[in-house]
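Protein chains: 2
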Amino acid sequence: MAFADRLNHVETSAIRELFKLLGKPGIISFAGGFPDSAMFDVGGIREATSRALAEEPGGALQYGATEGYQPLREQLSAFMAAKGAQGVAPDNLIVTTGSQQALDLLGKTLISPGDKVIVEGPTFLATIQCFRLYGAELISAPIDGQGVKTDALEALIAEHKPKFVYLIPTFGNPSGALLSAERRKAVLEMAVRHQTLIVEDDPYGDLYFGDAPPPSLLGLSASVPGSRELLVHCGSLSKVLSPGLRVGWMIAPPELLAKATMCKQFSDAHTSTFAQATAAQYLKAGRMPATLAHVRQVYAERAQAMGDALRRELGDAIDFVPPQGGLFIWARLTGAGGKVADGNVFAKRAIDKGVAFVPGTPFYCAHPDHATLRLSFATADVDKIREGVARLGQAL
Amino acid sequence: MAFADRLNHVETSAIRELFKLLGKPGIISFAGGFPDSAMFDVGGIREATSRALAEEPGGALQYGATEGYQPLREQLSAFMAAKGAQGVAPDNLIVTTGSQQALDLLGKTLISPGDKVIVEGPTFLATIQCFRLYGAELISAPIDGQGVKTDALEALIAEHKPKFVYLIPTFGNPSGALLSAERRKAVLEMAVRHQTLIVEDDPYGDLYFGDAPPPSLLGLSASVPGSRELLVHCGSLSKVLSPGLRVGWMIAPPELLAKATMCKQFSDAHTSTFAQATAAQYLKAGRMPATLAHVRQVYAERAQAMGDALRRELGDAIDFVPPQGGLFIWARLTGAGGKVADGNVFAKRAIDKGVAFVPGTPFYCAHPDHATLRLSFATADVDKIREGVARLGQAL
Numbered sequence: 000m001a002f003a004d005r006l007n008h009v010e011t012s013a014i015r016e017l018f019k020l021l022g023k024p025g026i027i028s029f030a031g032g033f034p035d036s037a038m039f040d041v042g043g044i045r046e047a048t049s050r051a052l053a054e055e056p057g058g059a060l061q062y063g064a065t066e067g068y069q070p071l072r073e074q075l076s077a078f079m080a081a082k083g084a085q086g087v088a089p090d091n092l093i094v095t096t097g098s099q100q101a102l103d104l105l106g107k108t109l110i111s112p113g114d115k116v117i118v119e120g121p122t123f124l125a126t127i128q129c130f131r132l133y134g135a136e137l138i139s140a141p142i143d144g145q146g147v148k149t150d151a152l153e154a155l156i157a158e159h160k161p162k163f164v165y166l167i168p169t170f171g172n173p174s175g176a177l178l179s180a181e182r183r184k185a186v187l188e189m190a191v192r193h194q195t196l197i198v199e200d201d202p203y204g205d206l207y208f209g210d211a212p213p214p215s216l217l218g219l220s221a222s223v224p225g226s227r228e229l230l231v232h233c234g235s236l237s238k239v240l241s242p243g244l245r246v247g248w249m250i251a252p253p254e255l256l257a258k259a260t261m262c263k264q265f266s267d268a269h270t271s272t273f274a275q276a277t278a279a280q281y282l283k284a285g286r287m288p289a290t291l292a293h294v295r296q297v298y299a300e301r302a303q304a305m306g307d308a309l310r311r312e313l314g315d316a317i318d319f320v321p322p323q324g325g326l327f328i329w330a331r332l333t334g335a336g337g338k339v340a341d342g343n344v345f346a347k348r349a350i351d352k353g354v355a356f357v358p359g360t361p362f363y364c365a366h367p368d369h370a371t372l373r374l375s376f377a378t379a380d381v382d383k384i385r386e387g388v389a390r391l392g393q394a395l
Numbered sequence: 000m001a002f003a004d005r006l007n008h009v010e011t012s013a014i015r016e017l018f019k020l021l022g023k024p025g026i027i028s029f030a031g032g033f034p035d036s037a038m039f040d041v042g043g044i045r046e047a048t049s050r051a052l053a054e055e056p057g058g059a060l061q062y063g064a065t066e067g068y069q070p071l072r073e074q075l076s077a078f079m080a081a082k083g084a085q086g087v088a089p090d091n092l093i094v095t096t097g098s099q100q101a102l103d104l105l106g107k108t109l110i111s112p113g114d115k116v117i118v119e120g121p122t123f124l125a126t127i128q129c130f131r132l133y134g135a136e137l138i139s140a141p142i143d144g145q146g147v148k149t150d151a152l153e154a155l156i157a158e159h160k161p162k163f164v165y166l167i168p169t170f171g172n173p174s175g176a177l178l179s180a181e182r183r184k185a186v187l188e189m190a191v192r193h194q195t196l197i198v199e200d201d202p203y204g205d206l207y208f209g210d211a212p213p214p215s216l217l218g219l220s221a222s223v224p225g226s227r228e229l230l231v232h233c234g235s236l237s238k239v240l241s242p243g244l245r246v247g248w249m250i251a252p253p254e255l256l257a258k259a260t261m262c263k264q265f266s267d268a269h270t271s272t273f274a275q276a277t278a279a280q281y282l283k284a285g286r287m288p289a290t291l292a293h294v295r296q297v298y299a300e301r302a303q304a305m306g307d308a309l310r311r312e313l314g315d316a317i318d319f320v321p322p323q324g325g326l327f328i329w330a331r332l333t334g335a336g337g338k339v340a341d342g343n344v345f346a347k348r349a350i351d352k353g354v355a356f357v358p359g360t361p362f363y364c365a366h367p368d369h370a371t372l373r374l375s376f377a378t379a380d381v382d383k384i385r386e387g388v389a390r391l392g393q394a395l
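The listed protein sequences derive, respectively, from chains D and H.
Numbered continuously in numbering that gives the first Met the number 0, the first sequence closes out at residue 395.
Numbered continuously in numbering that gives the first Met the number 0, the second sequence closes out at residue 395.
One chain only, chain D, in its complex shape (with noise of 0.2 Å):
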């Protein structure tokens, strides 16, 4: 059979033969990017669908709107100001099929083959081999504990005039950082300067675990003139409520909202009605504060003991910035006392011991740095934890 040519551009996920090992009875995983199924708000969820389906059931069962649920979408429109992003009209967001879909639409909407886009070097896997599907060459841009290096990041702009920049400013997977508020504006201000796209993936925002971060760049923006105009911001109930209801949203500029849209149509025609009315209930009920309160105290612990048994058990052979939200620790080996110092080769020797993570490499588009990995502190207890971390030295 002869497929499409823009399948010569992907290739199946490295990380995929790793996950198969999973399943070995015993193994602790650390390995998913994934929310913990046992603080899904069940109950809350229930009601929420009962209420849809007795005030609205046509709305919830029929065809709606390609831009999405309006009572939804004018849902996303306040949990958007509560978070400080202010003048987020219904309008100017779409719902997507879990924020995967929004990265999906860019792709189609926006590049053709031969782009260039620039993302974090590392960055979301999926988004790498999503937008490679549409023919875009990606450009990695450096980072450190504090995010993006703007920087550099500027003087790639200036280089190769990407076509949009994609970044995840707020506890990035698989980096966990946090951009700093300097270098949120400098990033608004390069966007201005170089009249360049910025896409902001903020599906972690609502996870931190003291103080709150700073504004979103969507928050920002009101601060840096002209750069609403160059900013798409992504949303996702992922992993703050449920993946599985696959609802996210995308607020971008009207002319690329209306593309974007055009695009949907023929995806998948709309987001599921069903899983839109229940969220729209479930936001309207104003569960949403206690659930995030919730789950920000049981991920905080989590890092906390992932962070303190990393010390202990691996000492200086480790190197990493304690997160201050999201769902994941980024290391890396330093190879200290000649311990291991590939992740891929860690990886190996971890599961044979009982314990799973995905080493960094797969997360860059390129010059991989193979001392690192990711680990993910969501869906393990503490107790759990601690037991995994100390295979984890034992594997070292």
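Since the hints were made in silico from the structure, they are not lab data.
Quick reminder that beta carbons are idealized off the backbone N, C-alpha and C, glycines included.
Among the clues, some could well be false.
To be verified - According to the in silico footprint, chain D covers these stretches of chain H (three or more CB under 8 Å from chain D): (1) 1-7; (2) 60-69; (3) 77-88; (4) 128-141; (5) 210-218; (6) 236-244; (7) 253-264.
Could you slot chain H onto chain D? The hints should help.
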């Protein structure tokens, strides 16, 4: 803003303008392509969701496999067998976000810019736009009251060597036509003869009014050696249960299914597990046969009422084959007695008289027949249908 080149191949739907007029007070609409909300089994769906959340909340709310929620794949396998397509194992299908996404995945997986695809003239509007976004050059195969003309189709296949042929053999949209058993066999035989992939889109096959239609191409493929490996079958719960769930499926040869799954991973990760678990419980509860029986009976009455009224009110100025299933009457203005013979002109006059339908021209990818129109009998009750057709008579 500079958009991707692929957007140059599509235009905003010509019938969007028409749909804006549907909000006019008192309009009777035969324009929609959707089922009647009043027939949704709301109670059954509520029960199914409750069971899904009670029995396996994690499965309904967590991330799931891109291929689909396994209990739903099992139910759909059984559903296909009950409809006469034996031997479709759960692993032979993937769940899609409505059958629209199956079309999108076929485009993404198979179509390189400039590739040829043969479709019926007329065919489903969103198929035309979906494939064009991937750069397909569409070739139009003529139809009559028995569906696609197979001699003409074979000549086009021989001439154009298309990437694939897309057909809606059973109660097509907009044609309403039922492809005869003889022609079905001919299609499968020419697929083997020319080694051409055939895509069977089948959202309406369950909506028959009298006897069941001939088996689907998929069902028949067992009797034509070598045809099964050249066949894709797209199914959907949208027309028979609820479009809002966005649950469709695609059955395809393993190699194609694997590539489509990879593409789906970067399109939306997976279809809402919340909707999938609900659909699985609904099918498992055994409610579908009664739901189908009810829907068939109501639509049969409405189709009959519309056909009778058209004969009575429009006489020999209109020509159509009474549908044996589906949602649509596809008609042709004859111009008899000097009456209007252009579907677009007639549509405008009809709106002035308080009744809406879709003129036929947008359904053609080439060489439109301007005398055609599509009338949906699905969403208006029998009294409204009679009143609406009387208005059509006045408009004529």
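Going down the list of hints, with the structure as the test:
1. 1-7: Since three or more residues must qualify, the claim that chain D covers the segment 1-7 of chain H holds, with 6 doing so at under 8 Å.
2. 60-69: holds (count 4)
3. 77-88: violated (count 0)
4. 128-141: It holds, with 4 qualifying residues against the three required.
5. 210-218: violated (count 0)
6. 236-244: With 5 residues closer than 8 Å to chain D, the segment 236-244 of chain H meets the three-residue bar; holds.
7. 253-264: holds (count 6)
Against the hints set out earlier in the document, violations occur for numbers 3, 5.
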